[in-house]
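Residue numbers (our numbering), protein chains in the order written: chain E, 1 to 725; chain P, 1001 to 1086; chain C, 2001 to 2064.
It is possible that part of the hints are untrue.
Said to hold, decoys possible - In silico EDC-like pairs for lysine to aspartate or glutamate, Cα to Cα no more than 16 Å straight-line:
{"no.": "1", "chain 1": "P", "residue 1": "K1021", "chain 2": "E", "residue 2": "D245"}
{"no.": "2", "chain 1": "P", "residue 1": "K1021", "chain 2": "E", "residue 2": "D261"}
{"no.": "3", "chain 1": "C", "residue 1": "K2027", "chain 2": "E", "residue 2": "E691"}
{"no.": "4", "chain 1": "P", "residue 1": "K1010", "chain 2": "P", "residue 2": "E1075"}
{"no.": "5", "chain 1": "P", "residue 1": "K1021", "chain 2": "P", "residue 2": "D1070"}
{"no.": "6", "chain 1": "E", "residue 1": "K268", "chain 2": "E", "residue 2": "D466"}
{"no.": "7", "chain 1": "E", "residue 1": "K26", "chain 2": "E", "residue 2": "D161"}
{"no.": "8", "chain 1": "E", "residue 1": "K85", "chain 2": "C", "residue 2": "D2003"}
{"no.": "9", "chain 1": "P", "residue 1": "K1010", "chain 2": "E", "residue 2": "D261"}
{"no.": "10", "chain 1": "E", "residue 1": "K268", "chain 2": "P", "residue 2": "E1040"}
{"no.": "11", "chain 1": "E", "residue 1": "K487", "chain 2": "E", "residue 2": "D497"}
{"no.": "12", "chain 1": "E", "residue 1": "K249", "chain 2": "E", "residue 2": "D183"}
{"no.": "13", "chain 1": "P", "residue 1": "K1021", "chain 2": "P", "residue 2": "E1003"}
Said to hold, decoys possible - A short list of chain E residues far from chain C (calculated; beta carbon distances all over 10 Å):
{"no.": "14", "residue": "E168"}
{"no.": "15", "residue": "L184"}
{"no.": "16", "residue": "A234"}
{"no.": "17", "residue": "G274"}
{"no.": "18", "residue": "S318"}
{"no.": "19", "residue": "L337"}
{"no.": "20", "residue": "F347"}
{"no.": "21", "residue": "S382"}
{"no.": "22", "residue": "E465"}
{"no.": "23", "residue": "D615"}
FYI, nobody ran anything at the bench for these hints, they're computed from the structure.
Heads up, the beta-carbon is just placed ideally off N, CA and C, and yes, glycines get one too.
The chain contents come next:
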Amino acid sequence: MDAPKVRITMALAGNPNAGKTTLFNKLTGARQHVGNYPGITVDYKEGHFERGGREILLTDLPGTYSLTAYSVEELVARDYLVNEKPQVVINIVDASNLERNLYLTCQFLELGVPMIIALNMIDVAKDRGIEVNAGQLEALLGVPVVPIIARSGFGTDALIDRAVAVAEDKRIWQPLDISYGEDLDGTVMTLMAEIHRQSFLTDTYPSRFTAIKYLEHDDQIMARGRVVDQAVAARVEAQADLVSDHLRKTMGVFPEAIIADHRYGFIKSIIRQGVQTRTFDTDRLYASDKIDKVVTDRLLGPLIMLAVLFGLYQFTFSWSELPVHWLDSLFGWLSGLIDGALPEGLFKSMIISGAVHGVGGVLGFVPLIMFMFFGIAILEDSGYLARVAFMMDRIFRIFGLHGSSVMPFIISGGIAGGCAVPGVLATRTLRSPKERLATLLTVPFMNCGAKLPVLALLIGAFFSEDKARYMFLFTVVSWLVALLSAKLFRSTVLKGDPTPFVMELPPYRLPTLPGLLIHTWERTWQYIKKAGTVILGISILLWAMMTFPRLSPDQVAVFDQQRLNLETQHHANTETASQERKSIDDAQAEEALRNSMAGTLGTAMEPVSRYAGFDWRTNIALIGGFAAKEVIVSTLGTAYSMGKVESRESAPLATRLQQDPHWNRWVAIAALIFIMFYSPCLVTVICIAREASWKWAVFSMLYNTVFAFILATACYQMPRLLSLI
Amino acid sequence: MAEISLRRMKVRQSGIITSVKVGGMLGQRIREMGLVPGTEVTVQGRAPLYDPVALRVMGGTLTLRNNEADHIMVEIAEETDTSPEA
Amino acid sequence: MWDSLAVGITLCVCSFFIGRKLYRQFKAATNPAAGFECGCGCSGGCGVSVCPEKKRVKNGVSPR
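Okay, chain E solo, but in the shape it has when bound (with noise of 0.2 Å):
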């Protein structure tokens, strides 16, 4: 056996979309999603290896721009900084955005934590005519500079080599001093004084850090400070607000301005001493440039938005023909293997009714599925999203939200095919608590992964004729809804003004075919273990949900006296007699389905759903919904199978609820909308409770279920009274 090894923990850091997931997953091995827009990675990560012998704990903080208390990914990076004090801090620099870069990296130095710094994207910055002297800045900074182009691990090993030197290094690291001109300085060095005498959340922050802090009006640390000492905090304040007060009134600026202009002041210095040069002229376009004014462009840019979102679903549409109906067909030819193969009896009605036609339903959608998510990937990957976001950003101010919602609203389905778990983790960008909640409760009406299975299936069955133009109005109504409900929250319950939007458009970025179909096969492959896990455990419950309690022997005996009957008046066995035996036989499982415990609650249901067209079996698949909304899918596969004796053949579920009498277009555009909009599943809700409450929580789950249930009720109601049907 090895010897123990030596733990050392590293820290990765910098400025969002600067490639700090991308260089944690080269590092690491682990296939964390990156995508092409700021602000992905809100938690911290962690991941490990092995270097030399030693074992590296490797976490991945989220991405900002300074260590202010604004935004909770500010404070989650900087309250690891402080707490947990990783060995060395890897602070990524996107060599083609150097100075904004450098902005964060003066915290760093500031705050006096350990530090190497990963110089990335040199080949981007080349291509711009950017050079970066990396001995120069290493020089002028007084930490160790190491240039890397993570995308294609250039300079990663030496980045690692000497990030470990660094940990290992027993040198004191002292904080940098910046001069805030003669304005501050004074106050800065009294408060630091102060600050130091009475020992003053030393522990935690260096003294001249936490002056800084003061003079920035910082609430975290102020409310920390309070707690500390309340003396000591009251003194520190009010020295403050005099020096914050006297600029204002003298000089009409703020304390933080000035600490920022100094900061930048500080960088302009040390770039303009060798650290960068340029090769040509920097009002070139670039080649992003150049794509943005088409894209973004007032007339062309909606119609490109457009035309990318049909374009998507048609390939989707269109593609995964083929291969969805093979799947239909594999399944149906498995069910007939093991209707083969297995005695009649319970056993048999469970694997057939339960698991392959639950399961099947689910899995059959796989093909389509994989198309939907490797287009999101190409349109993430590129960095079109971001657009989309900056060309939405004044529609959603009108509904009360923010640009910064259009990312939690696409990552939850916005074009089909996401989550709202991580869509509801997405609106802690948001910075406004009102704008937040009302993002947060309305991202759950967007289509996501799970939903989509339900869709195709009721698309299929009703508007073959154009799948990819329904599935465009679906989601464009699905957008409609959300804009709308959120303009409602915001004008009432959640009244507030509106947040800045700063935010920062990434170049475009050419995706790599590897990336795309990992990123798809991981996506893929995650739905598929859902479905051969979660749903075959729920879709065998519900099976014996639908199965128990079973007909009595009264019940029993009533259909084999009908059957006795039939035998004794048609003594020929001609076809009729088969027809009508047959008819007897779906007669007792449709009985022997109402009658389960399932039945029960969903016949219980039907005086109220009838109203928006819902028959119990439909009522059964909704509840099972909740736990996830693929179980709707597979909880008709099941109820369509039970209620019916098989014939020969067995059809797919979708030609089955064609055939039923029961369903019609309209009934199908009330199930979807109803689906659409009703309680988000079960692990949404307990989200929602987590970053919000479970008030909020509640409040969701009744308010889209009644207001789904008033949209589908009108929907089906709607033709109805137009005497359309």
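Go by the hints and put chains P and C onto chain E.
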């Protein structure tokens, strides 16, 4: 040379920031993205509904709403036609 | 007889499995320090492919 508000700048026009007169969260957000006095900005484009505006600042592209751009004053080279856009 | 027995056992296994899953999700919900991404089981939509913690247990080998 003339000093105008960033909102009134035209597409493809460049200027040097002279002041950012806002505090609190918005001020912090603007400054941490590099919009500080002395920085050169170029208006890259506007969203289809004329708002927000895309700016080239340092090496990157930023977006900003018009009412946020109001707080930022910019010095631009004098032009023959300085009439504000509708 | 084996028919009912097989069904009974399967149902027990399923109940246990789903129950455990629910318990874990509730535990994650009450522990704000834990990330939700790995437990969400959201049919791939969430875009988090490999849970880092799981990765850690499975392979601790250097990427090289």
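Next item on the list: Quickly compare the C-alpha distance for P:K1021 and P:E1003 to 16 Å and report which way the hint goes.
Entry: holds, 14 Å
Item checked: Hinted pair P:K1021 and P:D1070, Cα distance within 16 Å -> Holds, at about 9 Å.
Checklist line | Least C-beta distance from E:E465 to chain C larger than 10 Å | finding: Given a closest Cβ separation of 28 Å, the condition holds.
Notebook entry, point to check: Checking the smallest CB distance to chain C, is E:A234 really beyond 10 Å?
Noted result: Holds, because the least Cβ-Cβ distance between E:A234 and chain C comes to about 31 Å, which exceeds 10 Å.
Margin query: Check the hint pairing C:K2027 with E:E691 against an upper bound of 16 Å on the C-alpha distance.
Written below: holds, 15 Å
Margin query: Verify this label for me: E:G274 is non-interface relative to chain C, using a Cβ-Cβ cutoff of 10 Å.
Written below: Given a closest Cβ separation of 35 Å, the condition holds.
Margin query: Please check whether the beta-carbon of E:L337 is more than 10 Å away from every beta-carbon in chain C.
Written below: holds, 18 Å
Checklist line | Distance rule for E:D615, whose beta carbon must clear each one in chain C by more than 10 Å | finding: holds, 26 Å
Note to self: Hint check: P:K1021 vs E:D261, CA-CA at most 16 Å. Holds or violated?
What the structure shows: holds, 13 Å
Note to self: Just want to verify: E:S318 was marked as not at the interface with chain C; is every Cβ pair farther apart than 10 Å?
What the structure shows: The claim stands: E:S318 keeps its Cβ more than 10 Å from every Cβ of chain C (closest is about 22 Å).
Check: Regarding the assertion that E:F347 does not contact chain C, is the least Cβ-Cβ distance greater than 10 Å?
Finding: It is violated; E:F347 is separated from chain C by about 5 Å at its closest Cβ, not greater than 10 Å.
Checklist line | Status of E:E168, Cβ more than 10 Å from any chain C Cβ | finding: holds, 18 Å
Hints 6, 8, 9 and 20 from the earlier list are contradicted by this structure; the remaining hints agree with it.
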